[in-house]
Every structure is written in structure tokens, then in C-alpha cells.
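S.K.: Residues per chain, in single letters:
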Amino acid sequence: MNVPTTSAASTAAPIIAIRNLQKSFGTNKVLTDISLDVDKGEVVCVIGPSGSGKSTMLRCINTLETPSGGSIVVDGMDMTDLDLDIDAARTRIGMVFQSFNLFGHLTVRENLTIAQTKVLKRSKAEANKVAEANLAKVGLSEKMEAKPGSLSGGQQQRVAIARALSMDPDVMLFDEPTSALDPETVGDVLQVMRNLAEAGMTMVVVTHEMEFARQVADRVVFMDGGVVVEAGPAKDVIGNPQEQRTKDFLSRVLHPGQLG
Amino acid sequence: MSVPTASEDGRQTGPAVPTATATPKARMSKRQKAKLSRGIQYAILIVIAILIAIFADWPKLIDSFGRVDIAAGMFPDVITMALKNTVVYTFLGFALGLVIALFVALMRLSSVGVYRWLATIYIEFFRGLPALVVFLVLGFGLPVAFENFNLPQLVIIMIALGLVSSAYMAETIRAGIQAVPKGQIEAARSLGMSSSRAMFTIVLPQAMRIILPPLTNELILLAKDSSLAYILGSSVDGRELAALGRAEIVNTANLTPFIVIALCYLIITIPLSYLSRVLERKYGSADSGVK
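So the sequences go chain by chain: A and B.
Using our numbering, the first residue of the first sequence is number 13, and each one after it goes up by one.
Using our numbering, the first residue of the second sequence is number 37, and each one after it goes up by one.
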């Protein structure tokens, strides 16, 4: 299925270009044929039932999962090229995980600086400056010396966002960033992501937060059974879905009140 | 106790009779029963203690195991030489074993099949071999087989203890590495770390916390295994606790040295097992926010 590029600002080449992406685990075909473009500064939300392959698609973008077929080009780098320096490429793609994955043996400061100093070879002073700026961005400056274990889930996720931002990535990938959170901490994380979107960050967000997708996404992609079923502006895909599978999914996840 | 008459309707008469004539014992509550059981256990203990006190040949026992003059004669050598040597052998063996174990554990988790097989063979081989056999082969077998095999005693002991402990520690380290959630590696890789850098800066430090208590236990086992060094028949100043104790028992024809060296082993092992419990409390159950 073709995916229309509806972003108004699409003058240059897309920053993420996925072409005929396929992924199988053994005989289990998770992604059949995915093509998707994301423009610079665009926020794309990927929705769909669990098992639809949306997380796998996201993890293929920075090749945490190795694609079985097709091509992925991020910022001019062919991610499926075996000669590509994949570690260098990944520094330009930030990723936020459902389970935060903060380094439990390190403080928040060390979480934010370790990859800056060891991978980007920044000086300690510079790395600290970047870390402080990003921790302020997520509203947790006072937690600089805390251990991740002492933070709430929402705080850990905001630190994880700050950690990814500290690498100054061109693109941010979010893999169900609020799914493991207590309901009362979800709002803080979504607010941080909203600010990030307004600041012009290119974001691909796999999420179940329909309200967030509706308000923040430039484009919503609905996936089911390893294919993109429907894609377009949020108000179309969520507000007025064309495909039956999209309609079925949305009626299941949206509250009856919101449907009315 | 009256026997219930065998009536057709046993349900009515049967249960009624025992309740009427029930002894106090049968009506004891659970708590009373537990109290009685505890009382019996104390009684058995006291009887055994009295029997030992009456029938043991105390003068003979004290003469064999508790001669203060013999114990005093072992000092200061038992501390300055034997205890020190035991600690040195244990420490050297442990250090070597830890290094080997780390390599073997990483090989065991390698994506290269041959490394995995080699590591598995190594672990199965040295885990299945008695420590005594390793000492015999290194101390007597190899020097006989190869004329040029002429290592200092200390090195032989270190290698033997290292080999014996490495197989167990390799499995412990492997389990520790695998206990670190996969998401930690994924997060590290997504930040641009290579797989080896992720292993050494993110996974291993966290694995070490998980395996500190079992590694301390391994150190205790090794302290005891170091006693096998005595079969190598080392020079006088190379004697560790077991060798010194054996020599003193032969010299004095008395078993008091036995008690002295036993206490010396406890001086090493009891603080270690205390340390192990402290570490377990500190790191064992706390998952420190790792999901």
C-alpha cells in the first residue's frame, strides 16, 4: 500500500525512507512489505493492535532488529549496508524504550554522559553541560545525582528521553514510551514529547495514546498484520478512517464517550 | 474406651462415642502440640548432653585435643607462615581463576559456535575433575611426563587452584551476565556503543553485583581447597595450614594442632561468609531499578 506524504514542508529528501521492509523471525513473517517516508521535523505516530509489527518496524530503523529484506535510509545512511559504521549511525538516531532501560548501576548524570564521552569522545565538561541542558528540558534537573532505582517510572522515562537527546540525534524513535507507566505519570512524559515535537524534532512514535497522536502527530500510520493499512493526517486516520480494519481497531481502543 | 457397637448406621453412633470419652491429649490444640514437641526435643538434647558428660573420657580428650603447651608451641608460625600462605594461595588461585572464568564465560556466550563448544568442554572437564587429581597431575604428572616442566611450587599451586575454581566461576559469571536484562544492551547499542563496549561498561558491572555473593562463596570453597597444596610436599616456609597441621601432628603425636588449624580456617571463612551475606543483602535482592 502506498503511503502519501502529506507534510507541507517536504522540500528536501525524507530523513527516514523505508522501502519494502520485510522482517521474519524464523518462519514467522512479522513485516510483509512496509514503505514509509518521514520528513525532517515531522512527527509520525504509528498505531495498531499488538502483534501488528509496529515495534519491530521501529526497531528495524536503527537495526536493533536486522531487516530480512528491503532498505532503510536514515539521513542518507543506508542502514542495511554492511559497510556502514552502524555504531556511528546509531548515535544520530535516538531511541526511547517501553521499559526505559536506564543503566541501573550508574547515576542519572552518568547515564546521560557515558555515551557522550565514550562514543562521541566529548570532554567531561562538555558532556556534563549537554546533560544538564537536556535534564532541564525534561524538568528533572534536581535528579542529576540520583540512581534510576529511586525514580518513579515517569521520571525514569524522562531521564531516558534526556539520555537519548544528549547524543544530539537527528531523529527520535519512541517505542511505546508510556505503556509501562502508572497512569498519573503518563502526562509528564507526553508533555516532554509534545515540547520536543514543537521544538522541531523528527519523531516516530509507536503508541497507544490516541489523544496524543491526534494532537501532536503530523501523520498517523495504522499498521495491522505486518503492513501499513492506512496513513495520513491524524484527523483523517483517527477522526475519519477509511479502512474497515482501522475502524475496528479504533472502536476497540477509543472510549465510548470519545466515539459518540 | 468403649467400643462403638456395630450398628447399621455407623455415622450416628461412631463419632459420638470418641468425643464423649476423648482423652485430653486428643483434644490438644495445635499450639499445645507444638509446645509438647518442642519439650520433647529439648529433653532429648539434655539426655544426650548428660550421657556425653558422664561417659566421655575427659582427661583423655583434653590430652589429645586440648594441650595448651602444644597449641602455644605452634605460634607464631601457624599465623605468620601457615595462615599467611593459605591466604596467599587462595588469593592467587582466585585471581587467576577469575580471569580464566571471565574469558570462558564470554566464550560460552560467543556467537561463534566453536568458542561455545570449547568453553563448554572446559567447564565440564574441570568441574567434573576432583581438585586432588588436578594437583596430582600438575605437581607430579606433568613433571614426570615433560622433563622441562619445572615450575616453582607457588605457581603450580596457583594454576591448580585457578583451574579448579575457574570452571565454577565461569558458570556463575555466565549466569550473572544473562541475568542482566536484554534491554540494557539494546539501550547501550542504541546510543552507539559497540557490542564489546556495551558488555564491559554496561553489562559486566551489573552482572558483577549479581554474582558477588556466589563468588564470595567460591572464595570460601577455594580457601578450603588450598589445603590440597600439602600433597605437593612443599618446603618448610611454603607450608600452609593443612601441611603445618599434619607436620605438627606427626611431630607431637597429638591432635591439638588439628584444633588450632581448624580454628585458623574458621578465621578465614567465617568473615567471608559474613561478607557474602552482607553483599547478598545489599545487591542480591535489590534490582536497582533495572527492568
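Calculated from the structure, these hints are not laboratory results.
Just so you know, not all the hints are guaranteed correct.
[Said to hold, decoys possible] In silico lysine to any residue, SDA-like type, Cα no more than 25 Å apart, as pairs: (1) Lys-41/A - Lys-260/B; (2) Lys-130/A - Phe-236/B; (3) Lys-218/B - Val-131/A; (4) Lys-260/B - Met-235/B; (5) Lys-218/B - Lys-141/A; (6) Lys-218/B - Thr-39/A; (7) Lys-318/B - Leu-257/B; (8) Lys-141/A - Glu-157/A; (9) Lys-159/A - Val-314/B; (10) Lys-120/B - Lys-136/A; (11) Lys-136/A - Met-235/B; (12) Lys-218/B - Asp-97/A; (13) Lys-130/A - Leu-268/B; (14) Lys-130/A - Leu-240/B; (15) Lys-159/A - Phe-236/B.
[Said to hold, decoys possible] Non-contacting residues of chain A with respect to chain B, defined by C-beta distances greater than 10 Å in every case (computed): (16) Gly-53; (17) Asn-74; (18) Asp-99; (19) Arg-102; (20) Ala-127; (21) Gly-151; (22) Ser-191; (23) Pro-195; (24) Asp-200; (25) Arg-206.
[As the list claims (entries may be wrong)] Computed list of chain B residues with no C-beta within reach of chain A, every gap over 10 Å: (26) Lys-66; (27) Ser-146; (28) Tyr-158; (29) Val-180; (30) Ile-195; (31) Glu-222; (32) Ala-298.
The structure displayed is predicted, hence computed values, not measured ones.
Note that the Cβ used here is the ideal one computed from N, Cα and C, for glycine as well.
S.K.: Can you name, in rising order, the numbers of the hints this structure does not satisfy?
M.R.: 1, 4, 5, 10, 13, 17, 18, 19, 20 and 31
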